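Q: Based on the sequences and whatever the hints tell you, model everything.
Chains as they are written, first to last, in my numbering: chain A, 1 to 82; chain B, 1001 to 1143.
These are calculated hints, taken from the structure and not from any lab test. A few of these clues could be false.
[As the list claims (entries may be wrong)] Computed cross-link-like contacts, SDA-like style, restricted to lysine to any residue with a CA-CA straight-line distance of at most 20 Å:
1. A:Lys7 - B:Trp1130
2. B:Lys1112 - A:Phe9
3. B:Lys1112 - A:Pro52
4. A:Lys7 - B:Ala1054
5. B:Lys1004 - A:Gly82
6. B:Lys1112 - A:Gly82
7. B:Lys1112 - A:Leu58
8. B:Lys1066 - B:Lys1112
9. A:Lys7 - B:Ser1046
10. B:Lys1112 - A:Arg21
Given the structure is predicted, the values throughout are model-derived calculations rather than measurements.
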Amino acid sequence: MGQIRLKFFARYAELVGTEERQLSVALPATVADVVRRARDEIPGAGAIPERPLAAVNLRHVQLDAQVADGDEVALLPPLAGG
Amino acid sequence: MLTKDPISPAALLAEVAAPELGGTCLFLGTVRDGPEDGGITGIEYSAYEAMAVAECQRILGEARRKWPTARVAVRHRLGLVATEEASIGIAAAAPHRDEAFAACRYVIEQVKERLPVWKKELRADGSVLWVDPQGRPAVVGPA
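A: Here is the structure:
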């Protein structure tokens, strides 16, 4: 099992009522697996899209990217900077 | 790169100024309240700060590789920014104007596409909306 530090921002943080949760996942796992687990298990996270933007360890990634024990995975609402 | 204080164009220009750089381009993005925008009084900016800084550094690194003689400085506001105030400022200086305009344009377009920053519009009627640039904003409640 791997421990993932899962981070939520902006509207997603409001939906789940927190900015950070620890999640245990069976490895190997992808970001899509983490999203699926989060949507199933974390109250409010079911309203997050099935295919959100995501980042691992401060970098944008595709949902098929692998995650490792200790990774910081962030689910990002549509970006609106500038 | 991220700041809760007003953006100073003079400070940005000073950061990129050098005797050999004869063309300087300054871009300011300001909080807009146009006729179609519904009475916006301000925007609350938030970010995934650690990633926003890292992504901004990557963007500036790419600009340095594309235009090695140019110097670019960026500031993005966080927190409440009132209408007409700048939410982002970018200064790009290069030996000639073509590189300065190109580097400045590159950085703002990449920031728009990649920086993990979000905004909540605060409206005169008391409503608050998360902005989704790809779609309609969703009303989330009173201010």
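Q: Each hint needs a verdict: does it hold in this structure or not?
A: Hint check results:
1. Distance hint between Lys7 (chain A) and Trp1130 (chain B) is fulfilled; the C-alpha atoms sit about 18 Å from each other, no more than 20 Å.
2. Taking the CA atoms of Lys1112 (chain B) and Phe9 (chain A), the gap is near 17 Å; set against the 20 Å cutoff, the hint holds.
3. In summary, the hint linking Lys1112 (chain B) to Pro52 (chain A) is supported, as the alpha carbons are separated by about 17 Å, within the 20 Å threshold.
4. Simply put, Lys7 (chain A) and Ala1054 (chain B) have alpha-carbon atoms about 16 Å apart, close enough for the 20 Å limit, and the pair holds.
5. With a C-alpha separation of about 14 Å, the suggested pair Lys1004 (chain B) and Gly82 (chain A) falls inside the 20 Å cut-off, and the hint holds.
6. For the hint linking Lys1112 (chain B) to Gly82 (chain A), the alpha-carbon distance of about 5 Å falls within 20 Å, and the restraint holds.
7. Under the criterion of a C-alpha separation no larger than 20 Å, the hint pairing Lys1112 (chain B) with Leu58 (chain A) is consistent with the structure, at around 17 Å.
8. Proposed proximity of Lys1066 (chain B) and Lys1112 (chain B) is supported: the alpha carbons are some 19 Å apart, at most 20 Å.
9. Proposed proximity of Lys7 (chain A) and Ser1046 (chain B) is supported: the alpha carbons are some 14 Å apart, at most 20 Å.
10. Taking the CA atoms of Lys1112 (chain B) and Arg21 (chain A), the gap is about 28 Å. The hint is violated against a cut of 20 Å.
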